[in-house]
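Participant: Chains as they are written, first to last, in our numbering: chain A, 57 to 301; chain B, 57 to 301; chain C, 57 to 301; chain D, 57 to 301.
If you are wondering where the hints come from, they were derived from the structure by calculation, not from laboratory data. Please note that the accuracy of each hint is not assured.
Identical chains share a label here; the pair holds if one copy fits it or two copies do between them.
Said to hold, decoys possible - Calculated cross-link-like contacts (lysine-lysine; reagent style BS3-like; alpha-carbon spacing at most 25 Å): (1) K80 with K265; (2) K92 with K80; (3) K164 with K137; (4) K80 with K177; (5) K285 with K92; (6) K285 with K73; (7) K285 with K177; (8) K73 with K164; (9) K243 with K137; (10) K243 with K164; (11) K92 with K265; (12) K137 with K285; (13) K243 with K285; (14) K80 with K243; (15) K177 with K298; (16) K177 with K292; (17) K265 with K285; (18) K164 with K298; (19) K137 with K73; (20) K298 with K73.
A quick note: this is a predicted structure, and the numbers were derived from the prediction, not measured.
4 protein chains.
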Amino acid sequence: MADIIRVTVWNEFRHEKTNPQIAKIYPEGMHGAIAKHLAAQPGITVRTATLDEPEHGLTADVLDNTDVLTWWGHMAHHEVKDEVVERVKERVLDGMGLLVFHSGHFSKIFRSLMGTTCNLKWREVGEKERLWVVSQGHPIAEGMDEYFELPATEMYGELFDIPQPDELVFISWFEGGEVFRSGCCFKRGSGRIFYFRPGHETYPIYYDKAVLRVITNGVRWARPVAGPKRDFGNRKPLEQIKSKE
Amino acid sequence: MADIIRVTVWNEFRHEKTNPQIAKIYPEGMHGAIAKHLAAQPGITVRTATLDEPEHGLTADVLDNTDVLTWWGHMAHHEVKDEVVERVKERVLDGMGLLVFHSGHFSKIFRSLMGTTCNLKWREVGEKERLWVVSQGHPIAEGMDEYFELPATEMYGELFDIPQPDELVFISWFEGGEVFRSGCCFKRGSGRIFYFRPGHETYPIYYDKAVLRVITNGVRWARPVAGPKRDFGNRKPLEQIKSKE
Amino acid sequence: MADIIRVTVWNEFRHEKTNPQIAKIYPEGMHGAIAKHLAAQPGITVRTATLDEPEHGLTADVLDNTDVLTWWGHMAHHEVKDEVVERVKERVLDGMGLLVFHSGHFSKIFRSLMGTTCNLKWREVGEKERLWVVSQGHPIAEGMDEYFELPATEMYGELFDIPQPDELVFISWFEGGEVFRSGCCFKRGSGRIFYFRPGHETYPIYYDKAVLRVITNGVRWARPVAGPKRDFGNRKPLEQIKSKE
Amino acid sequence: MADIIRVTVWNEFRHEKTNPQIAKIYPEGMHGAIAKHLAAQPGITVRTATLDEPEHGLTADVLDNTDVLTWWGHMAHHEVKDEVVERVKERVLDGMGLLVFHSGHFSKIFRSLMGTTCNLKWREVGEKERLWVVSQGHPIAEGMDEYFELPATEMYGELFDIPQPDELVFISWFEGGEVFRSGCCFKRGSGRIFYFRPGHETYPIYYDKAVLRVITNGVRWARPVAGPKRDFGNRKPLEQIKSKE
């Protein structure tokens, strides 16, 4: 439990390069803001990776040395190569944690792990969001108040087309009248997956203290566990088979 | 609730054509045996479809007129065309029920809906299996005893690499020492999915009364429900947004 | 599946007798309004029972002839006798369905089946509530739109101290800023339990078409299933024990 | 995360005092064996408490200074005072972890938290049990192999009358033909609960390395999380209520 958690913060990193307003909010990219925060937490080391690096920065070597991967993507989901998605998926099933933020709901990796469309409703008018903790005592809500607010954000509304989460940690209230399952825990294979709704390129969400706290908690919750080897295939009996004698 | 349930029984239908021993057990194919049973149940109509038919027998028209699809495949999973898999998946997410039997755990459609490898352990020595009902009061166990036995069967053992089922109905005990989650309920989109382990081409599993009872119950449980339209995308506010004024 | 469902609608029936305003809304009691609606549905027969009847109207004979019990209580939870609660609980575990409405969250029977305090936040200013369907394809949402509204209602807010529901069907949005898990499915023993939030003595909630539709759907969903006998205790081996020889 | 976990190991401690054979296996009681093991683990401090101490050793002060409570009882469940059960329950709902072992399934505290009878089948002929990990990557299976065996044990068989566990970690195979959900995770209120089947007064189960490993893992998994205050009752609106104006 005391071991270092090695996090790779992945970002599409396109909006920040093309939109001056966004570049002003996130001069080092959203990944830069998230990585800076995580690097300041005890027991966590951080690297970043982005879409336009070779192999999107997610080489086998990088993934082999990643305990928890965080994912932000939006306008270029389709540019993520299938072989990289497959490589990430194998690592998740083998135990690597995965945190998916905001518009990452539509990423190839998240949809492939969920098996559903991951579609939702949305609106971009900068309305107020209030996230309520509905799973008291959950590690991802460690140190949180019973709710926190984001004064101006993009709305995501139900229906959110995901499998029922193994645990539901946050439900969002939106000023415009919608609700959303905003903090959703899943396990796939040996890997833990946390979808966390907040985040948008034009609001300074990744500087919000509560959001950053949840991300830190999520990283700690999603760290791999050294469990039984995933072992499949043909097997000899462990007991004598008598019905065949 | 009183409406007719339209079932399509899909079968790879290859073993039966190439192996005389199997052809003798299932002269009309496994789909024939399953379809014959289901057709005799009140409120159910049945058609069949197989791999070697055009579009694998799963045209848009057939799927549009199918409430519950059952799936058996083994040696030719890779021959199922991706566009047909995608078509079936869309229908499941839109509400069509799906029952996956035995070696169908490795079918493209099941793996795509689960998001995991769906791998497992196996052994083929004809050992005894005992399936215990662990979800009392579940519709899929309607009319069952607390367990039923198959005298000679292929073993499937844990670890079964699936997401945790929404409901676990059966756990199998195997003579050789393994256990298996043999009756697993999932919901993906609006569609209900039931994985049921028993079944093998060389044992007369699909003539077993308990197995057939479970299949009938599964069909009834998985029938579509006429619920809200799955509606996504950009939305106007339902309430006045004041934080922007 | 075609059998008649025998429903007993239970009501505390005190507010209606002491408060003229409430008596005006529900001249035959809330149970009267609910029972009248259910009795008009195909395949359902209804009786009512209230607190001030002998044994609260829930004799062994009544319960033996009840498939689904609905429960409304508020001011007199503590007057419900423990032996009646125990009798109801045994029947639920044995398969009888239970629908708990609104302030019934604090009833002895619901708290005993949940194992938690079932506490929550509340406010009574007649604000607007919007209930979103979050489990597409669920039988309890059959025939519903993606949301429905109640123009003036008491607010219930998270944290709602219940075990995580087996399935979450509705989430409420409240005008005053809260959210609530308003439609929660549980199974305990062989019995299905549905908690449904709407309902209040001074608003005409139990005349609302959407609310009544959900109640009808809930009754159908909660009907008992004739499954394996619940059988416990000392057992002889089913297989020869060799490790002891 | 690095904080000390304060464990209280509770034991009925009657069998050991009255049965010389059991006393020989557990000269310091089962609680002594468990406590000795846990006390040797980093980051864990241990005290013990037993039935015949005043207030069963579970005073308000002891509970206030307990992060995780472990429970073994069998022949004297009914002697545990209701007010102590209530006190323990409040602490669990408030965040204290609870590990329940073997015959503790019938303890007042476990049944009260589950809301079901917690009944099961059993047989005492010293047969072999094999526990399979079915939740890969779960913290309670940290460091385990894919299964472990107990050569001679009491059998517990399905149906086990519990709510469906939030997570199912172990399934047992028994030589005599039964299966059992042997490692079950629940959350109630803010508290984490783990039921672990192995353990019996006449077999030296609590010296088994795999069993002890699971207990240690369980303690770490069940430690309390400092989350939002559990806060209920009447509330003022967080947003302006317009529908009433």
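Participant: Go through the copies and call it for K80 and K265: within, between, both or neither, with a Cα cutoff of 25 Å.
Facilitator: within (19 Å within a copy, 51 Å between copies)
Participant: Under a CA distance limit of 25 Å, which applies to K285 and K92: within one copy, between copies, both, or neither?
Facilitator: neither (34 Å within a copy, 30 Å between copies)
Participant: Within a copy, between copies, both or neither: which one fits K80 and K243 at a CA-CA cutoff of 25 Å?
Facilitator: neither (37 Å within a copy, 43 Å between copies)
Participant: Between the shortest in-copy and the shortest cross-copy C-alpha distance, which are at most 25 Å for K265 and K285: within, between, both, or neither?
Facilitator: between (38 Å within a copy, 19 Å between copies)
Participant: How would you label the pair K177, K292 (within, between, both, or neither) given a Cα cut-off of 25 Å?
Facilitator: between (51 Å within a copy, 10 Å between copies)
Participant: First find the shortest C-alpha distance between K177 and K298 inside one copy, then the shortest across copies, and answer within, between, both or neither for a cut-off of 25 Å.
Facilitator: Classified as between; 20 Å across copies, 58 Å inside a copy.
Participant: Reference check for the pair K164 and K137, CA-CA at most 25 Å: within, between, both, or neither?
Facilitator: both (9 Å within a copy, 20 Å between copies)
Participant: Pop the pair K137 and K73 into one bin, within, between, both or neither, using alpha-carbon distances up to 25 Å.
Facilitator: within (21 Å within a copy, 40 Å between copies)
Participant: With identical chains treated as interchangeable, where does the CA-CA distance between K243 and K285 reach 25 Å or less: within a copy, between copies, both, or neither?
Facilitator: within (16 Å within a copy, 27 Å between copies)
Participant: When no copy is specified for K285 and K73, does a C-alpha distance of 25 Å or less occur within a copy, between copies, both, or neither?
Facilitator: Answer is neither: 42 Å inside a copy and 38 Å across each miss the 25 Å cutoff.
Participant: At 25 Å max between alpha carbons, let me know whether K92 reaches K265 within a copy, between copies, both or neither.
Facilitator: Answer is within: at 13 Å inside a copy they meet the 25 Å cutoff, but 42 Å across does not.
Participant: Between the shortest in-copy and the shortest cross-copy C-alpha distance, which are at most 25 Å for K298 and K73: within, between, both, or neither?
Facilitator: neither (69 Å within a copy, 32 Å between copies)
Of the hints listed earlier, those the structure fails to meet are numbers 4, 5, 6, 12, 14, 18, 20, in rising order.
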